[in-house]
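J.: Full structure from sequences and hints, please.
Residue numbers (our numbering), protein chains in the order written: chain G, 160 to 365; chain E, 224 to 621.
No wet-lab data here; the hints were simulated from the structure. It is possible that part of the hints are untrue.
As the list claims (entries may be wrong) - Keeping only pairs whose Cα atoms sit at most 35 Å apart, straight-line, the calculated DSBU-like set for lysine-lysine is:
hint, chain 1, residue 1, chain 2, residue 2
1, G, K341, E, K617
2, E, K617, G, K349
3, G, K214, E, K617
4, E, K357, E, K386
5, E, K607, G, K337
6, G, K178, E, K303
7, E, K614, G, K341
8, G, K337, E, K617
9, E, K607, G, K178
10, G, K214, E, K515
11, G, K283, G, K178
12, G, K337, E, K355
13, G, K283, G, K214
14, G, K248, E, K355
15, E, K617, G, K237
16, G, K178, E, K456
As the structure is a computational prediction, the values presented were derived from the model and not from experiment.
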Amino acid sequence: MDYSEKVLDHFMNPRNIGKITNADVEATEGSPACGDQVTYYLKINEETLTIEDIKFLSYGCASNIATASITSELVKGKTLEEASNFTWKQIVESLDGLPSVKIHCSVLAVDALKSAVKKYQIEKGLRAAEPFNEKTVMQEMRSIIHSGAGDDIVTLNMVKSIEYQDGILTINLNISEKDVHKCTVVSEIKEHLSRFEEVKELNVRA
Amino acid sequence: MERVHLDNCMTTKPDPLVIEAMMPFLTEKYFLPSNFVSTGSNSKKCIQECKQIVAKSLNADESEIHLTSGGTSANNIGIKGYIMANAHKGNHIICSQIDYPDILTNAAFFEENGFDVTYLGADWDGYIDLEKLKSSLRKETILVMTTLANHVLGTIQSIKKIKEIINCHPSKTGVEMTGSSNSNIALFVDAGHAYGRMPIDVKELDVDILSFSAHKINGPQGAGALFVKKGTKIAQTKHGIVRIDNLDTGGISLAALAGMAKAIELQFNDLQGHIDYMRSLQNRLLQGIEEKLGKVLVNGAWGENRICHNLNISIENVEGEGMMMMLDMFGINVATGSACSSQGLQPNYIMMATGRNFVQSHGSMKFTLSRLTTQAEIDYTIVKFVEVVGKLRKITSI
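T.: Put into structure tokens, the structure is as follows:
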């Protein structure tokens, strides 16, 4: 599947590009090592709790730029609550589809947006920081896309079990030895979970 | 301007004269070779002429040339055929981590089927580790495989040095080795990205098996050739009716072979002139980019040991698939080593095996030329590439 006209439009003419110097919150997801990264800058109305302005910077491929762009367009003017409920599937639909190998870009954009919203809410005391547990891990797993199947590894029943005790996190996967996307899945899991200071040791068994 | 094709490493545009040479075989001369009848004889003549021109281009004997339905067919016939015919002498083969996928996937196949494979490393410039080659040879070694001009970095391996090391091995010199199995170590060379871009003399290089394909030199897709030195045993790996070649059985497009013959004629009528021309465009492209963007990281060897049609550079803080797609929107075809452009989402294995970091691999851009590439196309590419890099640098988050 090739890129849709909408993807190409947002790639060539990204909306809301740049930095907000006095942003109320900013959040980055992804890494240069993985080849894609998005940073969102949000200006939030403290009274109405709506996103008054949003800008982004991106290091990544055409779909990375396009998904970050359309996400910014869709959430501008929305409440934090509404922004939190956006899903990567909505982003994909808004772009008239993405090749399955590029679905992870939409996840990255939505994750970066949600991270920013969550960070703001915690900073302002609007929500409590959540304790790290197996539920947190499962939520993170929903952001890991199997690029061959074009869906997250929880939906695909690829997460066999999660064990977390005394800082040691073990994730057992149900993924074929010969699956060409196995390495990417494992490295993305490591990238996602190594950011939690509660994880002292991480074992991913595939 | 028409689409600018600077991904000639993948495939090239067939020369109009090649198409012209092919047309009769798609219209009135569509017959397969057969004895006595005139139609079959015409087909035989086409095959004969194709073999002759291939042999001449490599300084080989006509009897040492096999015509194939492409480069990958030639590689499979050469590699599998040699190993199967010589498996009784040993079960060890050598290649490098940066070889062309045809070599690596064949090596993996034999590894899965009981063979021991040594994968040599390579240095920053893309030269394979010859010391490791020397120390890896053993009495069970039957085959060393290499890629003459690396398809990503453009680095040309020294076949002479590789051959010297192989020839110094006791199994070649006849010096008695404890428990020696009288093995002879053959050298297989994939010349797909070198053929027609540098002189190749199989006698001087003393290679045993060598392959190439027509569509990399402005010829058609679906034709290639395999050189097999006299006396080198190759087992039949493709069984069936012999139409054109006894190793690549069944039909091979005569039109494609006629096109290949024409492409070789056009490429070799002034080989040095074409090499000098492509080299000048390669330099012009790099200089033009560096004049506007400053020094960039050139991946692979530079100078005479780099194939004349390849320029691979890494741009700091800009991702390759983004550059490639934006250039595509401007009508320019290029390639990148970025993970985002691969199905497995992994950075290019050759970039990583030669010491590049992730960002250098993700930010790599490969321009490959042909003798049909024009100076105007290079100048247009420089302008658009600088524009693309500028645009993506403005929005980068790193």
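J.: Now look at each hint and say whether the structure bears it out.
T.: Hint check results:
Between K341 (chain G) and K617 (chain E), the direct Cα distance comes to roughly 34 Å. Compliance with the 35 Å bound is thereby established for this hinted pair. Distance hint between K617 (chain E) and K349 (chain G) is fulfilled; the C-alpha atoms sit about 30 Å from each other, no more than 35 Å. Taken as a hint, the K214 (chain G) and K617 (chain E) pair is honoured in the structure, with Cα atoms around 13 Å apart against an allowance of 35 Å. About 11 Å separates the Cα atoms of K357 (chain E) and K386 (chain E), which keeps this hinted pair within 35 Å; it holds.
Between K607 (chain E) and K337 (chain G) the CA atoms are separated by roughly 41 Å; this puts the pair beyond 35 Å, and the hint is violated. Annotation: proposed proximity of K178 (chain G) to K303 (chain E) is violated, straight-line Cα distance about 57 Å (limit 35 Å). Taking the CA atoms of K614 (chain E) and K341 (chain G), the gap is near 34 Å; set against the 35 Å cutoff, the hint holds. With a C-alpha separation of about 40 Å, the suggested pairing of K337 (chain G) with K617 (chain E) is violated against the 35 Å cut-off.
Proximity of K607 (chain E) to K178 (chain G) is assessed by CA-CA distance (about 26 Å); at most 35 Å being required, the pair is judged to hold. Of the pairs offered as hints, the one joining K214 (chain G) and K515 (chain E) holds, with about 29 Å between alpha carbons and a cut-off of 35 Å not exceeded. Between the alpha carbons of K283 (chain G) and K178 (chain G) the distance comes to roughly 22 Å, so the proposed pair stays at or under 35 Å and holds. With a C-alpha separation of about 29 Å, the suggested pair K337 (chain G) and K355 (chain E) falls inside the 35 Å cut-off, and the hint holds.
Our distance criterion of 35 Å between C-alpha atoms is met by K283 (chain G) and K214 (chain G), whose separation comes to about 21 Å. At most 35 Å may separate the alpha-carbon atoms for a hinted pair to count; K248 (chain G) and K355 (chain E) exceed this at roughly 50 Å. About 27 Å separates the Cα atoms of K617 (chain E) and K237 (chain G), which keeps this hinted pair within 35 Å; it holds. For the hint pairing K178 (chain G) with K456 (chain E), the CA-to-CA distance comes to about 66 Å; that exceeds 35 Å, so the pair is violated.
The structure fails hints 5, 6, 8, 14 and 16 (numbered hints given earlier, in ascending order).
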